[in-house]
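Quick mapping for you: the protein sequence lines, in order, are chains A and B. All residue numbers for the first sequence refer to this note's numbering, where the first residue is 53 and numbers rise by one. All residue numbers for the second sequence refer to this note's numbering, where the first residue is 290 and numbers rise by one.
Calculated from the structure, these hints are not laboratory results. A quick note: this is a predicted structure, and the numbers were derived from the prediction, not measured. Any given hint might turn out to be false.
To be verified - List time: in silico DSBU-like cross-link candidates among lysine-lysine, alpha-carbon distance up to 35 Å:
hint, chain 1, residue 1, chain 2, residue 2
1, A, K166, B, K662
2, A, K166, B, K642
3, A, K68, A, K215
4, B, K642, B, K303
5, B, K642, A, K175
6, B, K303, B, K385
7, A, K106, A, K68
8, A, K106, A, K263
9, B, K662, A, K106
10, A, K172, B, K642
11, A, K263, A, K175
12, A, K215, A, K263
13, A, K166, A, K68
14, B, K454, B, K662
15, A, K215, A, K166
Chain by chain, the residues run as shown.
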Amino acid sequence: MSTLEIRDLHVSVADKAILTGVNLTVRSGQTHAIMGPNGSGKSTLAYAIAGHPKYTVTGGEVLLDGEDLLSMSVDERARAGLFLAMQYPVEVPGVSVSNFLRSAVTAVRGEAPKLREFTKELKTGMDNLSIDAAFAQRNLNEGFSGGEKKRHEILQLELLKPKIAVLDETDSGLDVDALRVVSEGINRFRGSGDTGVLLITHYTRILRYVKPDFVHVFAGGRIVEEGGPELADRLEAEGYERYAKALA
Amino acid sequence: MGLETKPLSTLHEKSSFDLADFEVPTGREEEWRFTPLPRLRGLHNGKAPASGHVVVEVDAAPEVTVETVGRDDPRIGTAYVPRDRVSAQAYSAFEKATVLTVPAQAVASRTTTLTLRGRGQGAAYGHIVVRLEPMAEAVLVLDHRGSAVYADNVEFVVGDGATLKVVSLQDWDDDAVHVSHHHAQLGRDATFRSFVVTLGGDLVRLSPSVSYTAPGGDADLTGLYFVDAGQHLEHRLLVDHSVPNCRSNVEYKGALQGEDAHAVWIGDVIIRVEAEGTDTYEYNRNLILTDGARADSVPNLEILTGEVAGAGHASASGRLDDEHIFYLQARGIPYDEARRLVIRGFFAQVIEKIEIEEIRQRVLAAVEAELEK
Chain A
53 MSTLEIRDLH
63 VSVADKAILT
73 GVNLTVRSGQ
83 THAIMGPNGS
93 GKSTLAYAIA
103 GHPKYTVTGG
113 EVLLDGEDLL
123 SMSVDERARA
133 GLFLAMQYPV
143 EVPGVSVSNF
153 LRSAVTAVRG
163 EAPKLREFTK
173 ELKTGMDNLS
183 IDAAFAQRNL
193 NEGFSGGEKK
203 RHEILQLELL
213 KPKIAVLDET
223 DSGLDVDALR
233 VVSEGINRFR
243 GSGDTGVLLI
253 THYTRILRYV
263 KPDFVHVFAG
273 GRIVEEGGPE
283 LADRLEAEGY
293 ERYAKALA
Chain B
290 MGLETKPLST
300 LHEKSSFDLA
310 DFEVPTGREE
320 EWRFTPLPRL
330 RGLHNGKAPA
340 SGHVVVEVDA
350 APEVTVETVG
360 RDDPRIGTAY
370 VPRDRVSAQA
380 YSAFEKATVL
390 TVPAQAVASR
400 TTTLTLRGRG
410 QGAAYGHIVV
420 RLEPMAEAVL
430 VLDHRGSAVY
440 ADNVEFVVGD
450 GATLKVVSLQ
460 DWDDDAVHVS
470 HHHAQLGRDA
480 TFRSFVVTLG
490 GDLVRLSPSV
500 SYTAPGGDAD
510 LTGLYFVDAG
520 QHLEHRLLVD
530 HSVPNCRSNV
540 EYKGALQGED
550 AHAVWIGDVI
560 IRVEAEGTDT
570 YEYNRNLILT
580 DGARADSVPN
590 LEILTGEVAG
600 AGHASASGRL
610 DDEHIFYLQA
620 RGIPYDEARR
630 LVIRGFFAQV
640 IEKIEIEEIR
650 QRVLAAVEAE
660 LEK
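From just these sequences and the hints, can you work out the full model?
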């Protein structure tokens, strides 16, 4: 069992306060959806937890199974069991997908996987996500379509098996088929029951495929309302206007 | 505009075999302004007597004829006329030249390697001529090692329909000084592939150039350099399109790290009035890994005709991308390894162009060794 605890988190970007006191606890077996309008700070939460250098934590704590994530480097956080699926995965020229994945798996598991077993594992993972085999030889994210990038993020999620996964707008830019494939991947990952998911999204669409246990509405850099899956249905019907008004 | 007044290039000003035609550079000249002249150890001002030795060893394919000849050999100076003071100095001071000939239609069955090994202090001057007769094919490695103060000129004469692939490794010891011109003259439908790797030396100034005598010539010039603290590695390319329907592609990539690491890349391309249908592209990228390193990158594309098939250039110098490093680290890969992966990736595309497995492995190993520093 794992627990990610976010306590009164304050984060700034270039001296501008973006997160203004976020409290959230994610446990294994739970899926939390964070929903909110653009600019509400959802992605900032994701990147701050992962340790992106652009984001400065000005207050609060983030603990993974009691360990202080904020004192760790980006790679230490990943090895501790945190995963961030990125909204815009960056293209890295000259680094092949297979080389990258093997390096990542080696780092996270603490030992190099046997080549034969890894090749098999990779093939299964790629088949599950309907990723073409030739993909492994391509350069990381280079020339990938939006859907390919997101499938590749979920492939990494399934290979690295983190304790807690933060999925930042994984549904954005996907057509219905790709959304279904990606959602199936997330559900396979959730299926083990000993992982927690923090799903960040603007739209309710993905929640039809990946059912959340809790829904949190983000506005003005913090959580302003919480509830069960029914809250997502209400947002679908009413939109975010109510929260924008309340903040203004 | 009449025929007599056709526009002339400003990029290629002077050629002469006579040393007296070139003033001693002061460092203010456009072609010398990036080069730290005192570190040339007198190669530029006549104060470097030929008291040193660079030994040339040749391991040639059986189809290749190897000769050591005197200054008066008629094959010397047919393709290239010195373009600057140091080149003219080398031309006036070398004693013996190495001439390699690949006979017409012969296909060299293996790589020919010239190892140029510096033997300590004192200046040395050299001259190499590589002649591919019509329809011949060969692969050549120029491997520069040891310690030297060395200036030389290399002429590649690529005959009609011939194909020459050359790898030039500047793998000198830390104190070496090397100033070199590599000129390729391409006949009709000739193919020239140059791969330059510059890693060692205190100062290396290498000027690869290409000219065409007939249509259909195809030149591809690739380079890789890794500049460490205190090193000055300079590459000055000149592709002179003077006949129609030829192609050139220049791609140089370098990484720099350490205090006073200095890279210079000059990419001059001339498309003369006659050179209709030219297709050319030149590209330079520098990856600056630490503070205190400096890269100068100057592409010059001079187009004197309106009828080109394609002409472009790109030049960029920048640091490692934080987003690349973040992405890899976010997958658990430690910073040092993430950095190595990204730098290897930066060079991967050019290293893949090396067709000789042994050389590709050596270059990969050399880049790895630089990354460990």
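Against the structure, the hints:
Annotation: proposed proximity of A/K166 to B/K662 holds, straight-line Cα distance about 30 Å (limit 35 Å). About 30 Å separates the Cα atoms of A/K166 and B/K642, which keeps this hinted pair within 35 Å; it holds. Our distance criterion of 35 Å between C-alpha atoms is met by A/K68 and A/K215, whose separation comes to about 31 Å. Restraint check for B/K642 and B/K303: satisfied, since their Cα atoms lie roughly 33 Å apart, inside the 35 Å limit.
Pair hint B/K642 plus A/K175 holds up; C-alpha atoms about 29 Å apart against a cutoff of 35 Å. With a C-alpha separation of about 25 Å, the suggested pairing of B/K303 with B/K385 holds against the 35 Å cut-off. Taken as a hint, the A/K106 and A/K68 pair is honoured in the structure, with Cα atoms around 12 Å apart against an allowance of 35 Å. A hinted pair counts as satisfied when its Cα atoms are at most 35 Å apart, and A/K106 with A/K263 qualifies at roughly 32 Å.
For the suggested pair B/K662 and A/K106, the alpha carbons sit about 28 Å apart, so the restraint of at most 35 Å is met. A distance of roughly 30 Å separates the Cα atoms of A/K172 and B/K642; the hinted pair therefore holds under the 35 Å criterion. Restraint check: the Cα-Cα separation between A/K263 and A/K175 comes to about 28 Å, which is no more than 35 Å; the hinted pair holds. Our distance criterion of 35 Å between C-alpha atoms is met by A/K215 and A/K263, whose separation comes to about 19 Å.
About 47 Å separates the Cα atoms of A/K166 and A/K68, which puts this hinted pair outside 35 Å; it is violated. Taking the CA atoms of B/K454 and B/K662, the gap is near 31 Å; set against the 35 Å cutoff, the hint holds. Restraint check for A/K215 and A/K166: the C-alpha separation of about 23 Å stays at or below 35 Å, so the hint holds.
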